[in-house]
Amino acid sequence: MRRFVFCFALGGCATLGLAGVGGAADTAAEALARLDQLVDANDVQERAIAYEQIRRGMKGEATTARFAARLSALPADRQIELLRALADRGDAAALPAIAKLAEGGNPAVRSAALHAIGGLGSGESVGLLVKALAATDPEKAAARRALVILRGDEATRQVVAALAGAAPPVRAQLLDVVADRRARAAVPDLVGYAVDADSGVRTAAMRALAKLGGPEQVPAMVKGVLAAAAGQERTDAERALVTICTQNAGHEQATESFLTIFKTASDADREVLLSPLGRIGGPGAMAVVDALLADTDPAKREFGLVALTRWPDATVAPKLLGMVAKAPDAATRDRLLGALIRIAPLPDNKLNDKQKLELLEQTMKLCEKDADRGKVIERANAIRTVETFRFVLPYLDEPSLAEPACKSVVELAHHQKLRDAHKDDFTKALDKVIATTKNPELVERANRYKEGKTWARK
Amino acid sequence: MTDRSVSRRRFLASTSLTAGSAVAAPYVITSKALGDATTPPASDRIVMGGIGIGNMGSGDQGAFLGRPDVQYVAVCDVRKKWRDGGKDRVDAKYGNKDCAAFVDFRELLARDDIDAVHIATPDQWHSVMTIAACLAGKDVYLQKPETLTLREGPLMIAAARRYGRVVSGGSQRVLEDYRTIVEPCWAGEIGTIRSADLSIGPPPMACYLPGQPTPPDIDWDLWLGPAAWEPYNAGRCDGNFGTGGNSWRSYIDYSGGSMTDWGAHNFGGLIFATNLRGQQPAKVEYHPRSADGKDGAYATIVYPTGVEIHCNRPQHLKPQKPSITHERGIQIMGDGVATAATPVPVYKGQGGIYGDFIECVKTRERPFRDIELAVNTMTGIHMLAIAQRLERSLAWDRATQAFTGDEEANHLLDRARREPWII
Amino acid sequence: MPFDTATLDAPFASLKAYDWGADASAFKPIDEAIVATQSDAAARSDIERRLIALLGPDTSRACKEYVCRKLALIGTAAAVPALAPLLVDGDNSHMARFALEPIPGPEAGSALRTALGAVGGKLAIGMLSSLATRRDAAAVPMIAGLLSAGGTTAVAAATALGAIQTPEAIAALAKADPLAGDAVARAIVDARLACAEGLLRQGKRAEARALYDQLATAAAGKPAARVIELAATRGIVACLDTTAS
Chain V
438 MRRFVFCFAL GGCATLGLAG VGGAADTAAE ALARLDQLVD ANDVQERAIA YEQIRRGMKG
498 EATTARFAAR LSALPADRQI ELLRALADRG DAAALPAIAK LAEGGNPAVR SAALHAIGGL
558 GSGESVGLLV KALAATDPEK AAARRALVIL RGDEATRQVV AALAGAAPPV RAQLLDVVAD
618 RRARAAVPDL VGYAVDADSG VRTAAMRALA KLGGPEQVPA MVKGVLAAAA GQERTDAERA
678 LVTICTQNAG HEQATESFLT IFKTASDADR EVLLSPLGRI GGPGAMAVVD ALLADTDPAK
738 REFGLVALTR WPDATVAPKL LGMVAKAPDA ATRDRLLGAL IRIAPLPDNK LNDKQKLELL
798 EQTMKLCEKD ADRGKVIERA NAIRTVETFR FVLPYLDEPS LAEPACKSVV ELAHHQKLRD
858 AHKDDFTKAL DKVIATTKNP ELVERANRYK EGKTWARK
Chain C
5 MTDRSVSRRR FLASTSLTAG SAVAAPYVIT SKALGDATTP PASDRIVMGG IGIGNMGSGD
65 QGAFLGRPDV QYVAVCDVRK KWRDGGKDRV DAKYGNKDCA AFVDFRELLA RDDIDAVHIA
125 TPDQWHSVMT IAACLAGKDV YLQKPETLTL REGPLMIAAA RRYGRVVSGG SQRVLEDYRT
185 IVEPCWAGEI GTIRSADLSI GPPPMACYLP GQPTPPDIDW DLWLGPAAWE PYNAGRCDGN
245 FGTGGNSWRS YIDYSGGSMT DWGAHNFGGL IFATNLRGQQ PAKVEYHPRS ADGKDGAYAT
305 IVYPTGVEIH CNRPQHLKPQ KPSITHERGI QIMGDGVATA ATPVPVYKGQ GGIYGDFIEC
365 VKTRERPFRD IELAVNTMTG IHMLAIAQRL ERSLAWDRAT QAFTGDEEAN HLLDRARREP
425 WII
Chain X
-13 MPFDTATLDA PFASLKAYDW GADASAFKPI DEAIVATQSD AAARSDIERR LIALLGPDTS
47 RACKEYVCRK LALIGTAAAV PALAPLLVDG DNSHMARFAL EPIPGPEAGS ALRTALGAVG
107 GKLAIGMLSS LATRRDAAAV PMIAGLLSAG GTTAVAAATA LGAIQTPEAI AALAKADPLA
167 GDAVARAIVD ARLACAEGLL RQGKRAEARA LYDQLATAAA GKPAARVIEL AATRGIVACL
227 DTTAS
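Residue numbers (our numbering), protein chains in the order written: chain V, 438 to 895; chain C, 5 to 427; chain X, -13 to 231.
Quick caveat, the hints were computed from the structure, so don't treat them as lab data. These numbers come from a predicted model, not from an experiment. Please note: incorrect hints may appear among the correct ones.
Here are the simulated lysine to any residue pairs, SDA-like style, with alpha carbons at most 20 Å apart [stated by the list, open to error]: (1) V:648 with C:347; (2) C:352 with C:244; (3) C:352 with C:48; (4) V:887 with C:287; (5) V:787 with V:683; (6) V:806 with V:822; (7) V:890 with C:237; (8) V:854 with V:822; (9) V:887 with C:244; (10) C:298 with C:269; (11) V:577 with C:351; (12) V:806 with V:765; (13) V:854 with C:239; (14) V:890 with C:63; (15) X:14 with C:206; (16) V:660 with V:671; (17) C:325 with V:687; (18) C:322 with C:300; (19) V:890 with C:262; (20) C:97 with V:878; (21) C:325 with V:822; (22) X:108 with C:224; (23) V:860 with C:347; (24) C:91 with C:73; (25) V:537 with V:571; (26) V:875 with V:887; (27) X:14 with X:-1; (28) V:890 with C:89; (29) V:869 with V:830; (30) V:568 with V:613; (31) X:2 with X:30; (32) V:648 with C:192; (33) C:287 with C:203; (34) X:108 with C:347; (35) V:875 with V:831; (36) X:14 with C:395; (37) C:325 with V:686.
Extracted from the complex, chain V is given alone in its bound form (with noise of 0.2 Å):
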């Protein structure tokens, strides 16, 4: 193994024969001396004692100055390391002989000076890191990353200033960059790019306003979800704004605004909002689903029926379970069961776990289709307590719900303290997944359970 070559070298390795004899004033002589043999050796571990020293130790600018000035004449690898050991000093005093590897021949050594810019640099940086994302990987995550840790005020402004005039792909990361400096103040200048001609800037500054933006960024942001082509990108602007209008500081404020715009829409733009509508959900939303579900415009009733069944809550349960009842064709019941099972059991604090479970019970009867079943069984799980266990629990018995029962199970006996707390009725539950499932992930998952071992998700 290559690891033995160094041994034979190591016996006559200058770095650390005999000790040095100097007295008090020699002392950090002797010490930058040694640093230097150190930084020269051939073995890591030799190596390593100086970087230590060069990141945590020898305080002062002298320092700094004397191990910066060494990085240009090594070999590739070792400027890496010692670049690594210089950022994490954290003294800018290394900066300009930095800089110059950063823009050297080298792209792994470059990446290495990009990343030691952004932990020692400031907006005078900026310039330089932009630049360097219009490169490739790993220069230009190196770029990125570092734009983002650079300290100060000043930086944040550079990184802004830069967005005007960079080409799209640059800008897009921008803005991510500004995202994720949390660069608030930045906000009312990222507004206009929710609507820009490139797509990926669109995206990227949706992203930005989700992250840091408040009520007053409502109105650009529906612009945004407007502008937004149809698929993905549509979805991801409308995560944004449902994020505003339901996470963010001051989310009542930006869903009225919501409200007060979709109010006055055009009916074509209505119909694009009338997603993000249902998502954000809460009293006024409904007001205007109402209003819409009562329309004798058959188009205008289908958009109120597509709003409700993306609530993000369960307070539309009764309303879901009064019209399923009512529903003129097989689609739109199967529409509206769908919503039923998806709301049962959120996280939201609005159900406790006894009446999620009673309201996946009642959706329950109310299923023709052992595919709707099914769906109920298997999002149960979502609810961890015994009563769920019990109420899956038959279903294994049944050939057409028993895969979804199995899943149910054992999703229920991931957690283990309600498997602890009803460890028999587990252990026959589980052994009946072993001998009934099709799929060997939750066969393996069983057996650890009933071991009493956990299991890492994938």
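Given the coordinates of chain V, work out where chains C and X should sit on it, guided by the hints.
Frame of chain V, contents of chains C and X only:
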């Protein structure tokens, strides 16, 4: 990386370093030495073994075994079922029967082809094994809670530093589960942090379980190790995650109970968010149950910078509008005057905390949960446990690693290890 | 109001009859009393006296174990005479140390040293472990003598000297050949490194440097001693860093 382990292998060829018996183990040449498109050649892989392959250990084993830059060669467990299971997984992965299986960790540490070990034993073993591993030249991934007593931490750090070892603690949650409080705090959004509230679990129990016949598949004396001799009982040594009396995590000889088990995560996450990981507390203030009995006892961990962490403080005493909260019973108060952002430390390498450890084994840098940071975390929780046990406030001197002016509390800094274990 | 220790009569009676598996809740009041009497010296003394009384031959190992756990917290020199005989008893030696190790004052150290002279094998390692934790300077001559005992006892002796770190301990360690190539030599080197770290922490930079230099010189150029050379180099570099706090 290739010259990584040269010297220690030379030196350790004929030595074993703990007070226990020295055991020479055969050198085993691993298979698949040449590597392929996705697997580095054997000479560039980190050669690993695992000690304690039960519940958590098997998970750690799986994480390391799945890495192309790791060659897993040995398992050690005092229980046959875990040992055999661990070996089977390795052999199945590599398609051979090469994985060595040991009952005694000293035999595994004596193998000079092993670069690093992961340890997931009950807590009474952590310090002994970590220190022994450092002496044996191994890097260590150590499951949390990393320490069982206050005296152990500095000795573990010293061993790691003395031999230039990478020793990572094992709470993956600290970085991964608390982002919603970590990011705004490090971004300076809530200003200078003044205080926090934390829900933390109870301390461990004394174990009074009766003896049972010792099954043949366990080396009971080695399972107990440095802990007091007690008769075998399945409930004493079961390796599940419970802390309610049906596992070793419940009992004071082997664990700090839920207080250190989840505390390593939850308290760890909080002091990471509040950037206190580099410090140790200055004191713990104990607040007894209120005279009217309405408020239960609670304690406040106070840091040298003045930050107070209230543990299980009654709800009505908490700020009604905290700056930020986390679903696991954490709320943090800042002064609201935004401060400069500081970059959040992250894992190195790829693959979460396991990847961080392996990357550091290669680069010799300190990992995200370096043993020193882990010990600082555990120190706060051990101080809390002792204050609660004694029902009084305690002051801590970091320099001497002792309580100030409280001889009785200092009785609890450590506990005598059962012979022949010594640190 | 002083604690009424008479309330503990029944719990102590239960404890006296205790063996593993019996109901332990009966002596929970003893645990509570230990906390409640932290400012009541008389009550504490009474509880300690009652605990000590249960260390004789008529109680079970389980009972003694419980008693030793409590004495580890509240024990004083008064408990030493009853604990000392247990140190040489294979079944109870560890728990006797469990109680004695944190008890301050010369009596506990003396008992451990006496026991170290009387036992061998694992029990001796136990005494060394406790003397190490106590950093018992008076034990150094005895412990130094065990460096030549070989095997695990010598390894433990080295570890103990590395914990005690007095000049005498350092001198004793210096007598051994650090490159003997066995586990004892390795433990001695480890102990010397620990001593050097202790000196450096105390600001005794030159003395620490001297220790590191000795090891570095001995190990220089010898592949088999590479770990020592590296560790000594770490130490030397640390000694040279005058900016360290």
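Verification of the hints:
1. Our distance criterion of 20 Å between C-alpha atoms is met by residue 648 (chain V) and residue 347 (chain C), whose separation comes to about 17 Å.
2. At roughly 30 Å between alpha-carbon atoms, residue 352 (chain C) and residue 244 (chain C) are farther apart than 20 Å, so this suggested pair is violated.
3. Pair hint residue 352 (chain C) plus residue 48 (chain C) holds up; C-alpha atoms about 18 Å apart against a cutoff of 20 Å.
4. For the hint pairing residue 887 (chain V) with residue 287 (chain C), the CA-to-CA distance comes to about 44 Å; that exceeds 20 Å, so the pair is violated.
5. For the proposed pair residue 787 (chain V) and residue 683 (chain V), the alpha carbon gap of about 15 Å is at most 20 Å, so the pair holds.
6. Under the criterion of a C-alpha separation no larger than 20 Å, the hint pairing residue 806 (chain V) with residue 822 (chain V) is inconsistent with the structure, at around 26 Å.
7. Note on residue 890 (chain V) and residue 237 (chain C): the hinted pairing holds, with a Cα-Cα distance of about 18 Å set against a maximum of 20 Å.
8. Restraint check for residue 854 (chain V) and residue 822 (chain V): satisfied, since their Cα atoms lie roughly 10 Å apart, inside the 20 Å limit.
9. Between residue 887 (chain V) and residue 244 (chain C) the CA atoms are separated by roughly 11 Å; this keeps the pair inside 20 Å, and the hint holds.
10. For the hint pairing residue 298 (chain C) with residue 269 (chain C), the CA-to-CA distance comes to about 29 Å; that exceeds 20 Å, so the pair is violated.
11. A C-alpha spacing of about 18 Å is found between residue 577 (chain V) and residue 351 (chain C), which places the hinted pair at or below 20 Å, so the restraint holds.
12. Taken as a hint, the residue 806 (chain V) and residue 765 (chain V) pair is honoured in the structure, with Cα atoms around 17 Å apart against an allowance of 20 Å.
13. Proximity of residue 854 (chain V) to residue 239 (chain C) is assessed by CA-CA distance (about 15 Å); at most 20 Å being required, the pair is judged to hold.
14. For a cut-off of 20 Å, the pair hint linking residue 890 (chain V) to residue 63 (chain C) stands: about 9 Å separates their Cα positions.
15. Restraint check: the Cα-Cα separation between residue 14 (chain X) and residue 206 (chain C) comes to about 17 Å, which is no more than 20 Å; the hinted pair holds.
16. Proximity of residue 660 (chain V) to residue 671 (chain V) is assessed by CA-CA distance (about 11 Å); at most 20 Å being required, the pair is judged to hold.
17. Simply put, residue 325 (chain C) and residue 687 (chain V) have alpha-carbon atoms about 15 Å apart, close enough for the 20 Å limit, and the pair holds.
18. Using a Cα cut-off of 20 Å, the hinted pair residue 322 (chain C) and residue 300 (chain C) holds, with the two alpha carbons roughly 14 Å apart.
19. With a C-alpha separation of about 18 Å, the suggested pairing of residue 890 (chain V) with residue 262 (chain C) holds against the 20 Å cut-off.
20. Between residue 97 (chain C) and residue 878 (chain V), the direct Cα distance comes to roughly 17 Å. Compliance with the 20 Å bound is thereby established for this hinted pair.
21. Taking the CA atoms of residue 325 (chain C) and residue 822 (chain V), the gap is near 32 Å; set against the 20 Å cutoff, the hint is violated.
22. Using a Cα cut-off of 20 Å, the hinted pair residue 108 (chain X) and residue 224 (chain C) holds, with the two alpha carbons roughly 17 Å apart.
23. Taking the CA atoms of residue 860 (chain V) and residue 347 (chain C), the gap is near 46 Å; set against the 20 Å cutoff, the hint is violated.
24. The suggested pairing of residue 91 (chain C) with residue 73 (chain C) holds, with an alpha-carbon distance near 19 Å, which does not exceed 20 Å.
25. Among the hinted pairs, residue 537 (chain V) with residue 571 (chain V) is consistent with the structure: their alpha-carbon atoms are about 18 Å apart, no more than 20 Å.
26. Using a Cα cut-off of 20 Å, the hinted pair residue 875 (chain V) and residue 887 (chain V) holds, with the two alpha carbons roughly 18 Å apart.
27. Note on residue 14 (chain X) and residue -1 (chain X): the hinted pairing holds, with a Cα-Cα distance of about 12 Å set against a maximum of 20 Å.
28. For the hint pairing residue 890 (chain V) with residue 89 (chain C), the CA-to-CA distance comes to about 12 Å; that is within 20 Å, so the pair holds.
29. A C-alpha spacing of about 10 Å is found between residue 869 (chain V) and residue 830 (chain V), which places the hinted pair at or below 20 Å, so the restraint holds.
30. A C-alpha spacing of about 16 Å is found between residue 568 (chain V) and residue 613 (chain V), which places the hinted pair at or below 20 Å, so the restraint holds.
31. With a C-alpha separation of about 19 Å, the suggested pairing of residue 2 (chain X) with residue 30 (chain X) holds against the 20 Å cut-off.
32. For the given pair, residue 648 (chain V) sits about 16 Å from residue 192 (chain C) by alpha-carbon distance, which is consistent with the 20 Å threshold.
33. A C-alpha spacing of about 18 Å is found between residue 287 (chain C) and residue 203 (chain C), which places the hinted pair at or below 20 Å, so the restraint holds.
34. Between residue 108 (chain X) and residue 347 (chain C) the CA atoms are separated by roughly 51 Å; this puts the pair beyond 20 Å, and the hint is violated.
35. Annotation: proposed proximity of residue 875 (chain V) to residue 831 (chain V) holds, straight-line Cα distance about 18 Å (limit 20 Å).
36. Our distance criterion of 20 Å between C-alpha atoms is met by residue 14 (chain X) and residue 395 (chain C), whose separation comes to about 16 Å.
37. Of the supplied pair hints, the one linking residue 325 (chain C) and residue 686 (chain V) holds, its CA atoms being roughly 13 Å apart against a limit of 20 Å.
Comparing the model with each earlier hint shows violations of hints 2, 4, 6, 10, 21, 23, 34; every other hint is respected.
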